[in-house]
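Just so we're aligned: 164 in UniProt numbering is position 164 of the sequence shown, and the numbers increase by one with no gaps anywhere.
Hints are not guaranteed to be accurate.
[What the hints assert, rightly or not] Each computed BS3-like pair below joins lysine-lysine, with the alpha-carbon atoms no more than 30 angstroms apart:
(1) K204 - K180
(2) K198 - K176
(3) K137 - K14
(4) K137 - K13
(5) K180 - K145
(6) K180 - K198
Calculated from the structure, these hints are not laboratory results.
Small disclaimer: the values here were computed from a predicted structure and weren't measured.
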Amino acid sequence: MEFYPVFLNLQGKKCLVVGGGRVAERKVRALVRCGAHVYVVSPVLTAGLQEMLDHGQIIYRRGFYQTADLDGVFLVISATDNEEVNNVVAVDCAGRNILVNVVDDPPRCNFFVPSVVHRGALQLAISTGGKSPHLAKTLRQSLEKEFGPQFAEFVDFLGNVRAEVLDRVTDPSRRKQILKNLTDETTLALVKQGDIEKAKERVKNVYHIHRRQP
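Construct the entire structure; sequences and hints are all you get.
Below, the structure is given as structure tokens:
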């Protein structure tokens with residue numbers, strides 16, 4: 001079965017993480033970064049999760065998972081080492097049509113969390129559909145080297161240029177052509193080499209050349 005790749009807007013959404021260990025902590029941190037309202041259920045918490053709780057970043061109920069924990073929840077991640085608990089969570093979520101990911105248990109998931117390279121607004125996501133998480137991790141590490149931290153700045157710059165094009169170029173076909181030509185292999189090579197200013201200058205030149213054309 002092929003999965004449909006998608007990026008979810010979790011801003012303000014209630015998301016449940018079942019479990020309080022190191023894996024759960026990683027999942028919680030990722031959800032918090034996306035602006036989710038994270039609710040954690042577990043008998044214990046890692047020091048990191050306790051710190052997040054102390055700073056008001058998460059909501060916590062000490063104890064074991066109960067079906068009522070799903071009330072109002074948009075997405076669930078079950079990250080316990082108890083197969084029985086994970087199975088109950090998956091079954092309960094299926095009955096309520098709630099998105100659920102059981103860590104390291106693909107058959108019980110209706111979505112997978114990809115391995116992601118974060119470069120500001122740029123996100124490169126890799127998934128093997130649960131078949132080989134290690135391969136996904138290896139590919140992510142390779143992409144992290146190819147697409148360095150400088151891409152965060154460059155993507156923000158492109159966003160500003162795009163906004164200017166949309167504001168100043170009224171002809172739809174001309175606008176589309178300009179946006180299409182803003183980046184090419186040469187520009188990307190400059191960014192990969194870390195020569196951001198040359199890459200920016202090249203983008204600006206392309207923009208102004210196309211704007212002047214009749």
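A quick look at each hint next to the structure:
1. The hinted pair formed by K204 and K180 meets the criterion: a straight-line CA distance of about 13 angstroms does not exceed 30 angstroms.
2. At roughly 23 angstroms between alpha-carbon atoms, K198 and K176 fall within 30 angstroms of each other, so this suggested pair holds.
3. Annotation: proposed proximity of K137 to K14 holds, straight-line Cα distance about 28 angstroms (limit 30 angstroms).
4. Distance restraint check for K137 and K13: the Cα-Cα separation of roughly 27 angstroms lies within the 30 angstroms cut-off, and the hinted pair is therefore satisfied.
5. Between K180 and K145 the alpha-carbon distance is near 26 angstroms, which keeps this suggested pair within the 30 angstroms criterion.
6. Distance check on the hinted pair: K180 and K198 sit about 19 angstroms apart at the alpha-carbon level, within 30 angstroms; holds.
The structure agrees with every numbered hint stated previously.
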